[in-house]
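Using the sequences plus the hints, can you model the full thing?
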Amino acid sequence: MSWGWAVVHPVKHTWYGAQGPGFEPQLQGGCCTSGEAGLQLLARLEGRTSLRELEPRLFAGEEGPAHGEILELHGPEGSGKTEMLYHLAARCLLPRAQGGLEAEALFVDADGHFDLLRLVAVLEWRLGQGPQLKGQEGQGQEGQGQEGLGQEGQETQGQEGPRRGQLLEGRGPGGSEAAVRTCLGRLRLLTCRSSTQLLLSLLALEARLCGAAPRLLLLDGLSAFYWLDRANGPGPAAQEAPLRACAQLLQRLARDHGLLLVATTQSLLPPRGAGDSDGAGDADGPRGARPYLCRAWQQAVGRSLLFSRPHGPAESFSILVRRPGGAPRRLAFRVGEGGLQFC
Amino acid sequence: MGVLRAGLCPGLSQDMVQLLRSRGIRTVVDLVSADLEEVAQACGLSYKALVALRRVLLAQFSSFPFNGADLYDELKSSTAILSTGLGSLDKLLDAGLYTGEMTEFVGGPGSGKTQVCLCVAANVACGLQQNVLYVDSNGGLTASRLLQLLQARTPDEETQARALQRIQVVHAFDIFQMLAALQDFRATVAQQVSSSSGTVKVVIVDSVTAVVSPLLGGQQREGLALMMQLALELKTLARDLGVAVVVTNHVTRDRDSGKLKPALGLSWSFVPSTRILLDLGEGTGASGSWRSACLTKSPRLPIGSQEMVDFESWGAPEQSPTL
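Sequence order for the protein chains is A and B.
For the first sequence, the positions run 1 to 343 when the UniProt record's numbering is used.
For the second sequence, the positions run 1 to 323 when the UniProt record's numbering is used.
It should be emphasised that the hints constitute simulated quantities derived from the structure, not laboratory data.
Bear in mind the structure is a predicted one, so any value in this text is a computation, not a measurement.
We put the CB at the ideal spot given by N, CA and C, even for glycine.
It cannot be assumed that every hint is accurate.
Unchecked claim - Distance condition first, Cα-Cα at most 20 Å in a straight line; then the derived EDC-like pairs of lysine to aspartate or glutamate:
1. Lys91(B) <-> Glu337(A)
2. Lys259(B) <-> Glu337(A)
3. Lys297(B) <-> Asp94(B)
4. Lys297(B) <-> Glu315(A)
5. Lys297(B) <-> Glu177(A)
6. Lys76(B) <-> Glu77(A)
7. Lys261(B) <-> Glu77(A)
8. Lys48(B) <-> Asp30(B)
9. Lys76(B) <-> Glu177(A)
10. Lys297(B) <-> Asp254(B)
11. Lys297(B) <-> Glu77(A)
As the list claims (entries may be wrong) - Under 7 Å between C-beta atoms, here's a sample of chain B residues computed to sit facing chain A:
12. Pro65
13. Arg221
14. Pro299
15. Gly304
16. Met308
In structure tokens:
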């Protein structure tokens with residue numbers, strides 16, 4: 001980590017002092033500032049995680065993403081990008097006894113694909129697996145509750161009939177309902193219907209970030225408004241303006257407020273290579289798929305993962321991870337009852 | 001949404017709008033992302049007033065972050081699974097059509113897309129006793145076929161008449177008519193003009209290709225924007241009103257692999273949550289009532305599973321409605 005206790009926090013206009021919690025926040029320009037006592041600052045910086053800790057298998061064998069980097073998940077439809085977001089959200093929301101980070105997460109849904117019941121199914125399955133963390137004792141009641149869940153979780157999976165039907169009738173594994181609610185209490189969901197609303201919501205979020213900040217920001221479908229924006233007016237300036245502003249704001253959020261930012265974009269243009277849908281062959285641009293979003297976004301993205309669909313019903317999904325100065329690496333995963341599993 | 005005008009929010013007077021416009025701040029986004037100190041100095045407005053204005057505009061126009069636990073409670077009580085009346089299709093859909101999502105049926109001509117829509121409409125109106133909005137854009141809807149389906153379910157004429165009354169049909173032969181129809185529907189629901197027989201649970205659009213494909217290919221930009229506008233409208237309808245949206249689409253052949261793929265291009269393929277490909281079954285010929293259905297996109301089941309669907313089997317008594 002490049003920052004430590006001795007470095008001045010990069011958020012601009014932050015003061016340290018003897019003021020206690022009664023200090024009034026001041027609004028200056030476009031950024032909310034607050035006077036924090038040193039103890040509050042330490043509490044905020046303590047236990048900062050990086051993307052690497054969130055999912056180590058994504059970055060195995062590399063230096064890992066730098067602080068403030070945005071991770072982009074790119075791919076055609078049905079390639080598992082939203083599933084990956086559910087997996088990362090589950091890892092963030094689950095209690096430490098289950099191998100999670102027990103931290104707050106914010107999910108921004110721009111293309112209307114977010115399915116809360118699917119996320120609940122993933123959380124329930126993972127909670128039903130029992131304590132995961134090595135050498136760490138369960139946290140009081142939750143730890144004891146999990147052992148009983150182990151059997152009940154198995155029971156439900158073996159039952160016939162749609163899983164979802166049971167969930168809706170409230171007959172989920174007994175005892176994990178409270179645990180799931182606790183996990184969900186750490187999640188906030190924001191739905192956006194246009195790029196202007198997305199921009200305003202992110203600005204409102206930035207203004208609110210002085211207090212308890214979410215650790216993880218997941219943005220699903222950043223390119224959902226691409227064609228709507230292109231009809232905005234003649235010339236790329238008018239068309240790209242909302243996304244450019246969003247990209248700059250997201251970069252600011254990732255760098256200055258230390259949010260872990262993961263965004264998905266869709267491959268809206270057909271690949272140029274002959275029949276090579278994942279672009280691993282002759283690559284166009286640094287990411288292997290045709291880049292079409294504005295330059296500001298391409299510069300804001302630190303690392304991009306290219307997803308591709310399985311070729312047959314028994315195959316697994318795959319991710320292409322490009323490394324600077326190295327051969328691209330392939331990861332494979334399957335999607336099951338409990339979400340994404342790397343294989 | 002964007003332009004600043006007097007009365008847009010409390011505290012925004014005509015003079016303020018004029019002063020801001022003279023400094024090049026015309027829209028909400030301009031004001032919210034500007035440096036308010038500079039603006040206060042340049043326009044001669046009070047800094048505090050601008051800050052308060054900014055806060056009010058952000059609260060009004062930005063989206064509110066909901067807590068996951070509250071949303072879960074709400075969804076548990078309001079999400080429903082609607083059976084289509086055809087057992088094998090329900091198996092592919094994981095018990096039926098989910099409210100809050102868009103399901104797409106694609107297939108070539110004669111593959112049974114309109115029949116599926118009619119079966120869904122009849123089942124929801126008669127079996128589940130909920131209202132249906134049927135937006136017809138290619139003239140495939142015939143009331144006599146609906147009556148035939150209902151007669152297979154119940155011999156009582158009064159029940160059949162009541163079920164037919166629950167199906168509201170709108171004809172929309174171009175995209176503007178369709179957008180207007182959807183917005184009228186939304187306004188009707190918002191005013192809570194409730195009929196005695198329940199709320200609308202399914203919106204069926206047959207077909208989307210008929211209104212969108214004339215727009216594509218020429219002036220590329222506007223056509224795609226209108227298509228995405230329709231997609232946004234349908235998805236918002238599904239989410240906000242808690243209805244299941246069913247659309248039908250045609251197929252084209254992929255240039256490289258020769259396989260069937262849904263029409264309307266890559267951008268539309270991201271829009272539906274679930275997609276089922278209907279095809280004439282091999283060896284049964286076009287005269288039978290059997291079709292093959294293959295799941296090609298699903299948020300919760302593995303894709304590639306295939307079932308044979310028999311339209312004659314609709315209305316059999318062992319279909320148990322799920323609501």
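Verification of the hints:
{"no.": "1", "hint": "Lys91(B) <-> Glu337(A)", "verdict": "holds, 17 Å"}
{"no.": "2", "hint": "Lys259(B) <-> Glu337(A)", "verdict": "violated, 29 Å"}
{"no.": "3", "hint": "Lys297(B) <-> Asp94(B)", "verdict": "holds, 12 Å"}
{"no.": "4", "hint": "Lys297(B) <-> Glu315(A)", "verdict": "holds, 15 Å"}
{"no.": "5", "hint": "Lys297(B) <-> Glu177(A)", "verdict": "violated, 29 Å"}
{"no.": "6", "hint": "Lys76(B) <-> Glu77(A)", "verdict": "violated, 27 Å"}
{"no.": "7", "hint": "Lys261(B) <-> Glu77(A)", "verdict": "holds, 12 Å"}
{"no.": "8", "hint": "Lys48(B) <-> Asp30(B)", "verdict": "holds, 18 Å"}
{"no.": "9", "hint": "Lys76(B) <-> Glu177(A)", "verdict": "holds, 12 Å"}
{"no.": "10", "hint": "Lys297(B) <-> Asp254(B)", "verdict": "holds, 17 Å"}
{"no.": "11", "hint": "Lys297(B) <-> Glu77(A)", "verdict": "holds, 9 Å"}
{"no.": "12", "hint": "Pro65", "verdict": "holds, 4 Å"}
{"no.": "13", "hint": "Arg221", "verdict": "holds, 5 Å"}
{"no.": "14", "hint": "Pro299", "verdict": "holds, 6 Å"}
{"no.": "15", "hint": "Gly304", "verdict": "holds, 4 Å"}
{"no.": "16", "hint": "Met308", "verdict": "violated, 18 Å"}
When held up to the earlier numbered hints, the structure conflicts with 2, 5, 6 and 16 and fits the remainder.
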